[in-house]
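Colleague: Chains as they are written, first to last, in this note's numbering: chain R, 9 to 623; chain B, 9 to 623.
Keep in mind that the hints were calculated from the coordinates and are not lab data.
Possibly wrong hints are sitting among the right ones.
Which copy? The list can't say, so a pair holds if one copy fits it or any two copies do.
In silico EDC-like links for lysine to aspartate or glutamate, alpha-carbon gap of 16 Å or less [claimed, not checked]: (1) LYS53 / ASP269; (2) LYS351 / GLU60; (3) LYS101 / GLU597; (4) LYS263 / ASP342.
Number of protein chains: 2
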Amino acid sequence: MNTRQLAELGQQLRVDSVRASAAAGSGHPTSSMSAADLMAVLLAKHLRYDFERPQHPGNDRFVLSKGHASPLLYSAYKAAGAINDTELLTFRKLGSRLEGHPTPRRLPWVETATGSLGQGLPVGVGIALAGKRLERTGYRVWVLCGDSELAEGSVWEAAEHAAYEHLDNLTLIVDVNRLGQRGPTRHGHDLDAYARRFHAFGWHPVEVDGHDVEDIDRAFAEARSTSGQPTVILARTLKGKGVASVQDREGLHGKPLPDADEAIVELGGVRDLRVQVQEPPATRMLHAVRTGHPELPRFEVGDEVATRDAYGQALAALGGARGDVVALDGEVGDSTRAEFFAKEHPERYFECYIAEQQMIGTAVGLAARDWTPYASTFAAFLTRAYDFVRMASVSGAGINVVGSHAGASIGQDGPSQMGLEDLAMFRAVYGSTVLYPCDANQTAKLVAAMADLDGIRYLRTSRGAGPVIYEPHEDFPVGGSKVLRASSDDRLTLVAAGVTVHEALKAAEALDAEGIQVRVVDLYSVKPVDRETLREAAEDTGCLITVEDHREEGGLGDAVLDAFLDGRPTPRLVRLAVRTMPGSASPEEQLHAAGIDAESITAAVRLLVENAVVR
Amino acid sequence: MNTRQLAELGQQLRVDSVRASAAAGSGHPTSSMSAADLMAVLLAKHLRYDFERPQHPGNDRFVLSKGHASPLLYSAYKAAGAINDTELLTFRKLGSRLEGHPTPRRLPWVETATGSLGQGLPVGVGIALAGKRLERTGYRVWVLCGDSELAEGSVWEAAEHAAYEHLDNLTLIVDVNRLGQRGPTRHGHDLDAYARRFHAFGWHPVEVDGHDVEDIDRAFAEARSTSGQPTVILARTLKGKGVASVQDREGLHGKPLPDADEAIVELGGVRDLRVQVQEPPATRMLHAVRTGHPELPRFEVGDEVATRDAYGQALAALGGARGDVVALDGEVGDSTRAEFFAKEHPERYFECYIAEQQMIGTAVGLAARDWTPYASTFAAFLTRAYDFVRMASVSGAGINVVGSHAGASIGQDGPSQMGLEDLAMFRAVYGSTVLYPCDANQTAKLVAAMADLDGIRYLRTSRGAGPVIYEPHEDFPVGGSKVLRASSDDRLTLVAAGVTVHEALKAAEALDAEGIQVRVVDLYSVKPVDRETLREAAEDTGCLITVEDHREEGGLGDAVLDAFLDGRPTPRLVRLAVRTMPGSASPEEQLHAAGIDAESITAAVRLLVENAVVR
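One chain only, chain R, in its complex shape:
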């Protein structure tokens, strides 16, 4: 395409963005119009992509970080022949693939769901890492973002990561239209302000007039020929470009144009240019082995092993059997034991330093390229990445997340290091799986089982050593549980997971000596829960006491309810959980102070029995 045609294509993308938003009665046409020329040049001259084969290993990858500019993306799809005009006008309607913000759950050409700003670059870094370190098929990653979102710290975590890894296959295009949702950005059209920042972070910055297609073309070519560092293209643009009534004006974010017909006339009318997007080069995908029978570590019953140790060993073994497994950690691999994997499979290990958002973003990027990531840090610090986890579920991404140092039982380090909200956080995520093993063999089995589940898989591990109680050959299906004690005389059921399983067993023994029988269930699968077993326990014993090293809301105590939600009779429920703000103390003191150790459980059961609350 020549210059005139490129400019025409930009106008077409604007017109179609206006039309789609008008048809929807909502949307972000002005945010689309600012980036239309950037998109036109990218699509027509630089992107290599086969829309009929989105899985082509040589395809470039495009991420629209400013997901609200979806009308532009869909207009580009139309120009490329991937969708037709009729579908374009279904934008934002019930059942349409063309959602307000693009998601890969609906559209095969979308790499990751966007709409929470500042996430496109982190995920793009993950994809670029896959391309550079694992796949080596030569694809480029193009991320288009807005200027407002550069205020998000996650962008700078990603900038640091990309430069450190010399991701010259990554280009960030910033649509500097100077207007956020509410009003002007901090730096307006001061492109230099952004250039200084990116340059300091090790990037190659290029400033362009974002409405000059030749200038843009040169910049994209420069990005492609820059080696050793990622390039950022800072494009000066105008929001609503091309329509005087909205161009560069405040207060028009996220609204269809006041008069679409008039705007379309002003933009030169409806066009129907078709772009022949460049084919990706023929390339061979390095198919990683996706299945295999890992020789999982085996632990002797009675030995004292921390579940985090079992995690590290199992992951290293899984990595040996499966070439698709990769690991990431937030600079605490010596604590989470991700380092066991790093030592055996350094080429598939991604050190993310203390940047949890970037760690999850990288995992989502790797998953988008069909790798199977395990990302770990302290459970407490996963709260840092909750928005990334949430958006990963919108993407439908399959990622494994592992939080170590769960609960008050970590001991002296105190509450800042204690994961006490992680079960609640992961349970609330759509389609998630939440696992919380209590022993080393169980952990190993669950680590292997996680790999092939859908969606967000969360595993919670503990800092301290605990006894191995299961034989290495036992199975632990996701959605299952283990009944560790049961008799026909059980007066109630203790439901525990992780560290509290051992406390519950001790309590059950002590109560047994007093003539009080209780059932003990190890609810290692917190989501989904084992409905059968819980219902049976409810029928047999009438009362469930949940015991958890977690806040009382959203964890095990709430999870058991999942078994009784269809209107059937609900058992009596008692919840033992961490109700206070812990300080520093030994692990044993912490469990006691929280009222979740064997002694506290015993006392609680006695109280219920004495007051005849239970049968």
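Given chain R, put chain B in place with the hints provided.
Modeller: Below, chain B alone, put in the same frame as chain R:
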């Protein structure tokens, strides 16, 4: 103090850090030793602080962002005479004020809880903003952080915010000891790498030898005399400085020294220097009016008003009555309606741009200075700041957080913009309050009531307009609920909040026409819940159906359980919630697709009645 004495003081802080960690059997002495000279010079020559009057309005504020270096902090307290040696050696023991990571819940000189890295600067920015924009008492804010934590994006959100606000009362001291927990940082001792980044972000960088007390002294003086921008002091240090067996070595993070006695000898033995910390200047605190009777907005029953609109109006009114109320927003004030406050009280409004972590960090900083902050953005994007919310609860900070655009009912924008996990997230936070009003008058009352609660207060608002159903004079105590329909023939109880209250009322009317009576409870206080009313409803009707525009886990459906956790009989429970991943659709279509609209509720009730699940 002269140079020799300062160096001696540095050694004393090292020795005491080693001693405290040895007594505890855990802790981070090497991370303390690298920063000991920085701390010595700050304490002896630059900090102005009255340890007997931590509330003195003229006191400088010190934040130890690398909270794991708590032995250094406590050793400094000892040198300043604030604690004695006996207390120092209680470090990390049960009941001690000297926790593994410092918290203001225990110690009056601590401004904010740290231990989750990258949070000290964001909170420090909040305190510096209070000093510069609100209090104007001339105090300085000193933040000491590590080099590892500069990988956290939150640091760069804060860096941007501080420079933009010209916070020359803020100094960041970076202890560049080149070693993180697991190993070397990305930039090692390359101080220039950090200097370039901070300079690009608008800061004044100063590089120093962090073990040369004269060099440090000059740098601190330079920071104090720099105007118009914040200063960052990049100090080249050695982890474990002064003890050859640990100095600058990997693998020793977070461990007491192998031989403490020998190390103390090597450091020159135990000393007992006392520092006379400079007094703060006499200054007058501008006491903001903390109480007042706001003329809250009044809405007509039957009018259609969005609760976000009521929030904005009520907050503006509250700000008029109370001078301590301040508002913050993440660049969506036009959507959350925080802009109503901004227009009336611009001097107490803090635009945080799209940087949610920094927004909550700023709120915590303002709360540390006894202001009453209301921080708002889309509920979905508060997930970005979960770690900050969690740490705010560890601090015991009193902050109000408001999430708008809750639930699938926002409509076309799709799942990335829908707050669907926020109730779960905030419920799990220690000591939190979670409020979810359904009408404008209720919202206004709750906005006013929040101001004086303890801890984290969360209010959830809706995008769309809904009918006003309560009179302006009605009261809505926190922990209460409203029974909107009740009769002696109620077959079950619908428990709703926010948008689903209106759906439940419509359903109840439709069912009434069919001869089925149901109770309707508006559970606007999600935490704490109204136990009395729920228990009464359970006794009267035997079955509760919760209906919520939220994920099924951790929200209203789990919250009702809080009323039945003492082993008492639990009613039958049915949960209607958002179980699928929504796409784009109109608000009405979304509620229907999620199965939480009047029609879906009606159908669910009919099913239960027909199958005789309920009486």
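Colleague: Against which earlier hints does the structure fall short, listed by number upward?
Modeller: Result: hints 1 and 2 break, sorted rising.
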